[in-house]
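Participant: Next come the chains, spelled out residue by residue.
Protein chains: 2
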Amino acid sequence: MERYNLVVIGAGSGGLVVAAGGTGLGARVALAEKHPIEYTHEGKPVKAMGGDCLNFGCVPSKALIRAGKAAQHAREASRFAIRGIPDPGPQDIARVMDYVRSAQAHISPHDSIERFSGLGVDVMVGAGRLKSAHEVEIGDKTVWGRNIVIATGSRAMIHPIPGLEEAGYLTNETVFQVKELPASLLIMGGGPIGTEIGQSFSRLGSKVTIVSSTPHICPKEDADIVAVLVKKLRHEGVTVIDEAKATKVEKKDGRKVVTIKGKTGAESTITVDEILVATGRRPNIEGLNLEGVGVKHSAKGIETDAKCRTNIPSIWAIGDVAGSYLFTHWAGYQAGVVLTNTLTPLALASCDYDNIPWITYTEPEIAHVGLSENAAKAKGIEYRKFSADFAHNDRAVCDGDFEDYFAKVLVDRKGLILGATIVHPHAGDVLAELVLAKKWGLPLSKIASTIHAYPSLSEITAALGREYRKTGLTPGRKNLLTKIAGWMR
Amino acid sequence: MERYNLVVIGAGSGGLVVAAGGTGLGARVALAEKHPIEYTHEGKPVKAMGGDCLNFGCVPSKALIRAGKAAQHAREASRFAIRGIPDPGPQDIARVMDYVRSAQAHISPHDSIERFSGLGVDVMVGAGRLKSAHEVEIGDKTVWGRNIVIATGSRAMIHPIPGLEEAGYLTNETVFQVKELPASLLIMGGGPIGTEIGQSFSRLGSKVTIVSSTPHICPKEDADIVAVLVKKLRHEGVTVIDEAKATKVEKKDGRKVVTIKGKTGAESTITVDEILVATGRRPNIEGLNLEGVGVKHSAKGIETDAKCRTNIPSIWAIGDVAGSYLFTHWAGYQAGVVLTNTLTPLALASCDYDNIPWITYTEPEIAHVGLSENAAKAKGIEYRKFSADFAHNDRAVCDGDFEDYFAKVLVDRKGLILGATIVHPHAGDVLAELVLAKKWGLPLSKIASTIHAYPSLSEITAALGREYRKTGLTPGRKNLLTKIAGWMR
Numbered sequence: 001m002e003r004y005n006l007v008v009i010g011a012g013s014g015g016l017v018v019a020a021g022g023t024g025l026g027a028r029v030a031l032a033e034k035h036p037i038e039y040t041h042e043g044k045p046v047k048a049m050g051g052d053c054l055n056f057g058c059v060p061s062k063a064l065i066r067a068g069k070a071a072q073h074a075r076e077a078s079r080f081a082i083r084g085i086p087d088p089g090p091q092d093i094a095r096v097m098d099y100v101r102s103a104q105a106h107i108s109p110h111d112s113i114e115r116f117s118g119l120g121v122d123v124m125v126g127a128g129r130l131k132s133a134h135e136v137e138i139g140d141k142t143v144w145g146r147n148i149v150i151a152t153g154s155r156a157m158i159h160p161i162p163g164l165e166e167a168g169y170l171t172n173e174t175v176f177q178v179k180e181l182p183a184s185l186l187i188m189g190g191g192p193i194g195t196e197i198g199q200s201f202s203r204l205g206s207k208v209t210i211v212s213s214t215p216h217i218c219p220k221e222d223a224d225i226v227a228v229l230v231k232k233l234r235h236e237g238v239t240v241i242d243e244a245k246a247t248k249v250e251k252k253d254g255r256k257v258v259t260i261k262g263k264t265g266a267e268s269t270i271t272v273d274e275i276l277v278a279t280g281r282r283p284n285i286e287g288l289n290l291e292g293v294g295v296k297h298s299a300k301g302i303e304t305d306a307k308c309r310t311n312i313p314s315i316w317a318i319g320d321v322a323g324s325y326l327f328t329h330w331a332g333y334q335a336g337v338v339l340t341n342t343l344t345p346l347a348l349a350s351c352d353y354d355n356i357p358w359i360t361y362t363e364p365e366i367a368h369v370g371l372s373e374n375a376a377k378a379k380g381i382e383y384r385k386f387s388a389d390f391a392h393n394d395r396a397v398c399d400g401d402f403e404d405y406f407a408k409v410l411v412d413r414k415g416l417i418l419g420a421t422i423v424h425p426h427a428g429d430v431l432a433e434l435v436l437a438k439k440w441g442l443p444l445s446k447i448a449s450t451i452h453a454y455p456s457l458s459e460i461t462a463a464l465g466r467e468y469r470k471t472g473l474t475p476g477r478k479n480l481l482t483k484i485a486g487w488m489r
Numbered sequence: 001m002e003r004y005n006l007v008v009i010g011a012g013s014g015g016l017v018v019a020a021g022g023t024g025l026g027a028r029v030a031l032a033e034k035h036p037i038e039y040t041h042e043g044k045p046v047k048a049m050g051g052d053c054l055n056f057g058c059v060p061s062k063a064l065i066r067a068g069k070a071a072q073h074a075r076e077a078s079r080f081a082i083r084g085i086p087d088p089g090p091q092d093i094a095r096v097m098d099y100v101r102s103a104q105a106h107i108s109p110h111d112s113i114e115r116f117s118g119l120g121v122d123v124m125v126g127a128g129r130l131k132s133a134h135e136v137e138i139g140d141k142t143v144w145g146r147n148i149v150i151a152t153g154s155r156a157m158i159h160p161i162p163g164l165e166e167a168g169y170l171t172n173e174t175v176f177q178v179k180e181l182p183a184s185l186l187i188m189g190g191g192p193i194g195t196e197i198g199q200s201f202s203r204l205g206s207k208v209t210i211v212s213s214t215p216h217i218c219p220k221e222d223a224d225i226v227a228v229l230v231k232k233l234r235h236e237g238v239t240v241i242d243e244a245k246a247t248k249v250e251k252k253d254g255r256k257v258v259t260i261k262g263k264t265g266a267e268s269t270i271t272v273d274e275i276l277v278a279t280g281r282r283p284n285i286e287g288l289n290l291e292g293v294g295v296k297h298s299a300k301g302i303e304t305d306a307k308c309r310t311n312i313p314s315i316w317a318i319g320d321v322a323g324s325y326l327f328t329h330w331a332g333y334q335a336g337v338v339l340t341n342t343l344t345p346l347a348l349a350s351c352d353y354d355n356i357p358w359i360t361y362t363e364p365e366i367a368h369v370g371l372s373e374n375a376a377k378a379k380g381i382e383y384r385k386f387s388a389d390f391a392h393n394d395r396a397v398c399d400g401d402f403e404d405y406f407a408k409v410l411v412d413r414k415g416l417i418l419g420a421t422i423v424h425p426h427a428g429d430v431l432a433e434l435v436l437a438k439k440w441g442l443p444l445s446k447i448a449s450t451i452h453a454y455p456s457l458s459e460i461t462a463a464l465g466r467e468y469r470k471t472g473l474t475p476g477r478k479n480l481l482t483k484i485a486g487w488m489r
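The listed protein sequences correspond, in order, to chains A and B. According to my numbering, the first sequence is numbered sequentially starting from 1. According to my numbering, the second sequence is numbered sequentially starting from 1.
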């Protein structure tokens, strides 16, 4: 039996980083990927791994979002006094998806079997199945690993709704293959996936309705932040229905009649051409033989400690299948933790759960790190809040991107950042400075005394810092300063 | 005679911050502004100060750039498979300038006489003229200041070119008032002002030629960075002529015939409808009576030390008139230095010249902080360089904004940042994280171990950090790791 330092099951964001990093650090690595996807890049076929991120998630959705922006920005050109640009109208979605595929194809060589084989990884096509604490069966082969890393990701959670299967629906795995733009699209689920794709389809010409079971869409974010996004979505023509659930789907004259039960319990129907189900994710734990080997898990995924270790010391789990944060960058980060813990004699690295940023890629974007106000209140954590509006950020004003947009930050007594959220079309880029400051303990006062280029969106962080500093100028101090100034005059 | 802690001459970016900050800290402040500009905001007239920044510089140029982008992005929508958007063609520049004015008007209340009077500043309309080390004449009034701050800014430098005055030309003070789009526009000067306005007019429908006397436009930036911008400008139809100078202008049939002398000495002519002169800046030192009071100055501006103090201990100078860095944020920063030095008994604050970022607002933007490669070589400073391409940044790929764009960073032996430059449409926002890291001594390795949201442009900084880290994995170390991995297998 071939012996490896690491046997990785699943070649998504987490598994690929473990594999590349492992061989880079001198380890022998086997990597099992169930289902590579073929792209064409520069005329050549590429067998890509990459998991949901490259194939059904981050990458295609961001490219779709970009196309939606191109249509919407043309629609809004008159805001900047540009004439001669008509509303582009409903788009040829098949061509848009060709653009999406071109972005995926551009990235695909980086995640390809060829590249990883070249790095020295033994890539094996097939589903990995645990045989023991150190053995994994891949197809008709069994390999031995000093450590085994499970990184099989997640897939769309489909709740059992009467008639849904019969009527048919899209998920994140099929939506990027649509050939015709649905004139109307109902999205079940108001999380980031549903909201991002919903806004994009709306901008490309679909009549979109988002049905969310939570009090507001993007329920992980604070209500004041989400309100800004919802206002924009509605302004663009997206219908957003909160605290509602689809209870039944019927097919009628080739269309889909969805029964919606609202918060009052009253039912109504919406007839649409297509449905996208984006009501959460479920971990890909089936077929791993977790029970057989005794790996603890629940419906949320495989249970791990902060070192990413399961209850079986030689078996680790990272990314979506481990169920904590479902982000590519979290999976990649956990991959680094596992590399340290498996390739150095002492397993000392632990996940830092406090400094993980995320972005919802709607327009405006919502970018967040650390503690939200909701969470702070729920946990009883003391904080001071400072806000700054983009209406006072001169770059945002010149760019016409200011209305309602703002940033807020929660700090402790010393001005150290506990959490920050920004809602603005470029929130994601602006957040990075705050993440760095939070991670390395730079207080708001140090951000305020760092020169920010004028005019730039990043000045919003300095504005937060100035708000913080103002609190140091108490009436008593101001009084004293006024007296001193009088003496010096 | 009224006695003040601070008498400020000039109400631009520097003067306004001194005035607002001074009153905020309890000081009595007089502020002399020669020429307020009137805007209409929410139906009401606003008498705005703000200097070149609000009236003839940053603000109107960024709004014009935004309008140019709206036209260009519509033109490029087919890159994202969006159909139904024709080339918008030449624009109604008068309407575009209305948009520009609306952005200025939005900001104007913040810089208004009304607001500053409300803050407690004694605003006096008139040119300030030094009478002594503590006295300033403003109109028919003379006021006394414990300290005097000169912040009169700069204006376009007009080199004497035969025929130029007769033919007529635009500067940054008049270009935002044009009523008709010139079919062709020659820009004398390839600095940021000329390049930004040139690209914008080109996008709005003018045939633009930039004539630059330096080896390449934006001469403060490294050649490899500028090459990316020049390629894009040329692709958009802008003619860029380096190492050339206008030597003569003649008027002919209502058009302007400009003679250009190239680097070989050969002369050629270009016939255009309009000329913009953007060949540098000169400090506004006339009329201040610097000679009378004995304030040292040169053609570059008023001489100051790092504390912003002139040779006369009670007189200070900040911003463009002091001639070091001609940026709004530098003026604002120096204002803070002067506030500390004039309102606390010991003048201890000094300017930090090493951590000043700047952005050239073309598309792509060029964003820079600290040492450039050129400067490092010229000064003989040892550095290690790391680069990262946006072609490997998945967000940039999805956004279609990756070709040629890159970031580079220069670090010392410990990985501390000496300088960084980014060329990308959103370079300015991405730079802020590196500025913070440079200012507060966070090495590249700490940036690499900070989680960046995927996919985001800000990941480019982590990519720089990874490049740096790779250098730690020498062949010897890799060998050792491989051996250890073998033992552990």
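Derived by calculation from the structure, the hints in this document are not laboratory data. Think of the CB as a built atom: it goes at the ideal place given N, C-alpha and C, for glycine as much as any other residue. Check each hint, because a few of them may be wrong.
Covered stretches of chain B (chain A as the covering partner; in silico rule of three or more C-beta atoms under 8 angstroms from a C-beta of chain A) [stated by the list, open to error]:
#, region
1, 21 to 30
2, 72 to 85
3, 96 to 102
Straight-line alpha carbon distances no greater than 25 angstroms define the calculated SDA-like cross-link-like pairs of lysine to any residue that follow [as the list claims (entries may be wrong)]:
#, chain 1, residue 1, chain 2, residue 2
4, A, K141, A, I161
5, B, K470, A, G336
6, A, K446, B, K141
7, B, K141, A, G237
8, A, K483, B, K47
9, B, K47, A, E165
10, B, K44, A, K179
11, B, K483, A, D404
12, A, K307, B, K414
13, B, K414, A, P443
14, A, K446, B, K47
15, B, K131, A, R489
16, B, K478, A, K483
17, A, K470, B, R83
Participant: Please go over all the hints and tell whether each is borne out by the structure.
Facilitator: These are the hints, each one checked on the structure:
1. 21 to 30: Coverage by chain A holds for the region 21 to 30 of chain B (5 residues, Cβ < 8 angstroms).
2. 72 to 85: Result for this restraint: holds, n = 11.
3. 96 to 102: holds (count 3)
4. A:K141 - A:I161: violated (40 angstroms)
5. B:K470 - A:G336: This hinted pair holds, its Cα atoms lying about 14 angstroms apart.
6. A:K446 - B:K141: Judged against 25 angstroms, a Cα distance of about 41 angstroms means the pair is violated.
7. B:K141 - A:G237: violated (60 angstroms)
8. A:K483 - B:K47: Since the Cα atoms of A:K483 and B:K47 sit roughly 32 angstroms apart, the hinted pair is violated (cutoff 25 angstroms).
9. B:K47 - A:E165: violated (65 angstroms)
10. B:K44 - A:K179: violated (53 angstroms)
11. B:K483 - A:D404: violated (58 angstroms)
12. A:K307 - B:K414: violated (29 angstroms)
13. B:K414 - A:P443: holds (23 angstroms)
14. A:K446 - B:K47: violated (34 angstroms)
15. B:K131 - A:R489: holds (18 angstroms)
16. B:K478 - A:K483: Given that 25 angstroms is the threshold and the Cα spacing comes to 66 angstroms, the pair is violated.
17. A:K470 - B:R83: violated (51 angstroms)
In summary, the structure is inconsistent with hints 4, 6, 7, 8, 9, 10, 11, 12, 14, 16, 17 from the numbered list given earlier, while agreeing with the others.
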